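Visitor: For this one, chain D is given, so just place chain V on it according to the hints.
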Amino acid sequence: MNAHSPKPEPSAEALAADEVFRDQLVALIPALRTFARGLCGWRDMADDMAQDALVRGWAARASFTPGTNFRAWMFMILRNQFYTTLRKDKRMTSWDPEVAERVLVEAPAQQHSIHVTDVAKALQKLPLEQREVLLLIGANGASYEEAAEIIGVAIGTIKSRLARGRKALALLIDGPADVDQVTRVA
Amino acid sequence: MAKDTPSKEAKMPHAETAFDPVAAALKQLHQAVASEALPDDFLRILDEIDAKIASAKPAAKK
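Protein chains in written order, with the working numbering: chain D, 34 to 219; chain V, 9 to 70.
Honestly, the hints are just simulated from the structure, not real lab data. Hints are not guaranteed to be accurate.
[To be verified] Label-pair ranges, simulated between beta-carbon atoms:
hint : chain 1 : residue 1 : chain 2 : residue 2 : range
1    : D       : Val53     : V       : Pro66     : 11 to 21 Å
2    : V       : Ser63     : D       : Val186    : 13 to 23 Å
3    : D       : Pro99     : V       : Ser63     : 15 to 25 Å
4    : D       : Thr98     : V       : Leu46     : 23 to 33 Å
5    : D       : Thr118    : V       : Pro66     : 33 to 43 Å
6    : D       : Trp75     : V       : Ala45     : 15 to 25 Å
7    : V       : Ala32     : D       : Glu52     : 34 to 44 Å
8    : V       : Lys65     : D       : Leu119    : 14 to 24 Å
9    : V       : Ala32     : D       : Glu178    : 22 to 32 Å
10   : D       : Gly174    : V       : Ser63     : 21 to 31 Å
[Said to hold, decoys possible] To spell it out: a stretch of chain V is covered by chain D in this simulated footprint if at least three of its residues, at any positions, have a beta carbon under 8 Å from a beta carbon of chain D; those stretches are:
hint : segment
11   : 33 to 40
12   : 48 to 58
Since the model is a prediction, treat every value here as computed from it, not as a measurement. By construction, the Cβ of each residue, glycine as well, lies at the ideal position given by its N, Cα and C atoms.
Next comes chain D alone, as it looks inside the complex (with noise of 0.2 Å):
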């Protein structure tokens, strides 16, 4: 290294590494900003999350170990950045526990098409630790096993929070008459 040069000069294979991060991230951008959607509720600040996650990953590359999950790696840093944010701003979530333990046991759900807005809206009405793992798992496709890694939890964990949110979901879009009664009420 030149003793006039500030820092060192990237070899060809470290250019080349962030070719291929750089077209990984691009690639996961739609992934990035359907969780961060589906996480806050909120499209402008969904994909300010989604651009900061840009940003951070990329500044955090050198961290990254090619060849291990980077849709995982992603997530978790956009998972930590909306929780953060989330502790700082208590009003970005409106989910009440209450409101969905009561939804749990109403009529259960009867089986036809649903609309994706509708989804979405009742999507915000479920506890955060269902709706990450049904974004995760069947918005954007992720393994039990990668849900599990992205959140820090069991991978029994992440099968009942799938099957609570389901159930939860299914019962919020099915059933809007009681749903909307028990929202209010609550």
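Guide: Leaving out everything else, chain V in the frame of chain D:
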């Protein structure tokens, strides 16, 4: 209320045999976002990354 335990319903990623409207709607959430045009702010970030890669190229060691 009875405690929920992992059940057959938990197998969303593998539930390919019967149509599941909840699973289908969740996948559509992703597809809806993926089909949107990428906002300019994202493109700006990617441009900045590309510029950093490009500026490092002349100096890169073989």
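Visitor: Do Trp75 (chain D) and Ala45 (chain V) keep their Cβ atoms within the hinted range of 15 to 25 Å?
Guide: Holds - the Cβ-Cβ distance for Trp75 (chain D) and Ala45 (chain V), about 19 Å, lies within 15 to 25 Å.
Visitor: Range first: 33 to 43 Å. Now tell me if the beta carbons of Thr118 (chain D) and Pro66 (chain V) are that far apart.
Guide: Holds: the Cβ-Cβ distance is about 39 Å, inside 33 to 43 Å.
Visitor: Does the Cβ-Cβ separation between Gly174 (chain D) and Ser63 (chain V) fall within 21 to 31 Å?
Guide: 36 Å, violated
Visitor: Mind checking the hinted window 34 to 44 Å against the Cβ distance between Ala32 (chain V) and Glu52 (chain D)?
Guide: 36 Å, holds
Visitor: Kindly confirm whether 13 to 23 Å is satisfied by the beta carbon distance between Ser63 (chain V) and Val186 (chain D).
Guide: 42 Å, violated
Visitor: Looking only at beta-carbon atoms, does the pair Lys65 (chain V), Leu119 (chain D) fall within the given range of 14 to 24 Å?
Guide: The hinted range 14 to 24 Å is violated for Lys65 (chain V) and Leu119 (chain D), with Cβ atoms some 40 Å apart.
Visitor: Cut-off 8 Å, C-beta pairs, minimum 3 residues; does the coverage of the segment 48 to 58 of chain V by chain D stand?
Guide: Coverage by chain D holds here, the residue count being 6 at a Cβ distance below 8 Å.
Visitor: Take the segment 33 to 40 of chain V, compare each residue's beta carbon with every beta carbon of chain D, and decide whether three or more fall closer than 8 Å.
Guide: holds (count 7)
Visitor: Taking 22 to 32 Å as the stated bounds, is the beta-carbon spacing between Ala32 (chain V) and Glu178 (chain D) within them?
Guide: Because 23 Å falls inside the window, the suggested range holds.
Visitor: Per the hint of 15 to 25 Å, is the separation of the Cβ atoms of Pro99 (chain D) and Ser63 (chain V) within bounds?
Guide: 23 Å, holds
Visitor: Could you see if the CB distance from Val53 (chain D) to Pro66 (chain V) stays within 11 to 21 Å?
Guide: For Pro66 (chain V) against Val53 (chain D), whose Cβ atoms are near 20 Å apart, the range 11 to 21 Å holds.
Visitor: State, for the Cβ atoms of Thr98 (chain D) and Leu46 (chain V), whether the hinted interval 23 to 33 Å holds or is violated.
Guide: 28 Å, holds
Going down the numbered hints, you'll see the structure goes against 2, 8, 10, while the others check out.
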